[in-house]
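*Asks:* Below are the chains, spelled out letter by letter.
Protein chains: 4
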Amino acid sequence: MVSTEIRVRYAETDAMGIAHHTAYLVWFEVGRTEYTRAMGLPYRQVEQSGTRLVVVEVSCRYHQPARYDEVLVVQTTVRVLTRATVTFAYEVRRQDDQTLLVEGSTVHAATDSGGHVKRIPEVVAASLTGTGRKTKG
Amino acid sequence: MVSTEIRVRYAETDAMGIAHHTAYLVWFEVGRTEYTRAMGLPYRQVEQSGTRLVVVEVSCRYHQPARYDEVLVVQTTVRVLTRATVTFAYEVRRQDDQTLLVEGSTVHAATDSGGHVKRIPEVVAASLTGTGRKTKG
Amino acid sequence: MVSTEIRVRYAETDAMGIAHHTAYLVWFEVGRTEYTRAMGLPYRQVEQSGTRLVVVEVSCRYHQPARYDEVLVVQTTVRVLTRATVTFAYEVRRQDDQTLLVEGSTVHAATDSGGHVKRIPEVVAASLTGTGRKTKG
Amino acid sequence: MVSTEIRVRYAETDAMGIAHHTAYLVWFEVGRTEYTRAMGLPYRQVEQSGTRLVVVEVSCRYHQPARYDEVLVVQTTVRVLTRATVTFAYEVRRQDDQTLLVEGSTVHAATDSGGHVKRIPEVVAASLTGTGRKTKG
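In order, the protein sequences belong to chains L, C, D and P.
Positions 1 to 137 (my numbering) are the ones given, in order, by the first sequence.
Positions 1001 to 1137 (my numbering) are the ones given, in order, by the second sequence.
Positions 2001 to 2137 (my numbering) are the ones given, in order, by the third sequence.
Positions 3001 to 3137 (my numbering) are the ones given, in order, by the fourth sequence.
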């Protein structure tokens, strides 16, 4: 599990005075980026090597709202890995009292840069589950 | 079922050259706005009368990508209505060939303007299911 | 001058209860897209033919706020055209009372798809100023 | 001058493969938030005490693009302070080679929470220019 701090931006709030529900999906994406960096193979490099992890499913439950300037923590982990898909799970908490704000998950399919489905390359799969990193030790 | 046309904006695309997955949730929201207007009680008026329909759950499946300047159609309907929640369902299609791009649903809880959960007022419930409109006829 | 209708989305509002100031720049972009379509050479085709009009300057003055669900009109025109740049100007008005909300302009440089500055192709320049369309008549 | 680190999010890129030009204005806003925090009076508290600093003017020049996952530094300062307005200036640089990507400025008018123009309260003015902090020393 990889933790990433996020501070709610004014632009992310809406007329209800709280963070808009789409902001959490952007923060999940930031969480994924940091997860892959922590695992030793940043998503930027995954893309540069010709693999995209395209979002094919999103699911999200909102428990409590977040407000402008609050510091949140996104906890990101990989829950399922198949030949061609990976499922990330997320929890977003308010940092100061650890209240759980939102839980969610995203499923991604591997494609080449032309958008055609393919298997997840072994080096990517290994880094996503942390087995790649362990092997190095 | 209420249909709303959307044209993909450049700002909604990402470095994959396709509409970012969060754009669909914004389009769902546009679909809801138009659904409530078509049912005779625009969401703006619902809020002004002291009821908010806060997003508590989102789920979304992505089948095909959308690209800049394509015209899409969001079909919005109410699937479930309980005392305190309403569930909307959406389908997003490319207009020119009717390809199904994305399906999703959102669950909303009714709150007052202070964010406290409450029952959905009868006039709002009636308009959401169309029974309010029929009564007028 | 080309007019485009925009309805303010909930996602475009912020905690002040008004449209966030960045939303207008997105609407300018929508205005440009519709301007180029009205002139007979949609920006999508400009890009497909290998020319990008990259934003190099933005300037914007905000007079009055816009609110959720209001219908706005973006008026877009080309103010200056040089060999390698084009300047668009915009006015955003509230539709129902024609109040001027925001004025702005954007300067764009022509580049190839690799991002290298180049001259604006003659067919693009002609369509931007409407001289291309006139020639057809 | 207050420096703030920003990492470019995937959601902030567009189909050109670079950060969308509106992203910089959001980063300016983050820069302002951090500027006010560094000066001892976070903007959140300014708003809570009944003063809003509404954007009335934006201007921005784009020199070089930013890409997904790059770390940028936003340098924020107050350039002009009048009775009822404050002008912030910004420079955005790529962190690793200090290349200047974007320069900009925003002008803000003070209003009460109802949106009516007012003078900037003395405590806010002092914190914006740093004279408040110095006084404490």
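These aren't lab readings, by the way, just hints derived from the structure by calculation.
Honestly, I wouldn't trust all of these hints.
As the list claims (entries may be wrong) - Okay, the calculated bits of chain P under chain L, using three or more residues with CB under 8 Å as the criterion:
| # | stretch |
| --- | --- |
| 1 | 3006-3019 |
| 2 | 3033-3044 |
Stated by the list, open to error - Simulated DEER-style distance windows between Cβ atoms:
| # | chain 1 | residue 1 | chain 2 | residue 2 | range |
| --- | --- | --- | --- | --- | --- |
| 3 | L | Asp112 | P | Ala3084 | 53 to 61 Å |
| 4 | L | Asp112 | D | Leu2100 | 46 to 54 Å |
| 5 | D | Leu2100 | L | Glu122 | 57 to 65 Å |
| 6 | D | His2063 | C | Pro1121 | 34 to 42 Å |
| 7 | P | Gln3064 | D | Gln2048 | 43 to 51 Å |
| 8 | C | Thr1099 | P | Val3071 | 19 to 27 Å |
| 9 | D | His2063 | L | Pro121 | 51 to 59 Å |
| 10 | P | Thr3099 | L | Ser49 | 24 to 32 Å |
The C-beta atom is built at its ideal place from N, Cα and C for all residues, glycine as well.
*Asks:* Of all the hints numbered above, which does this structure not satisfy? Sort the numbers upward.
*Replies:* 7, 8
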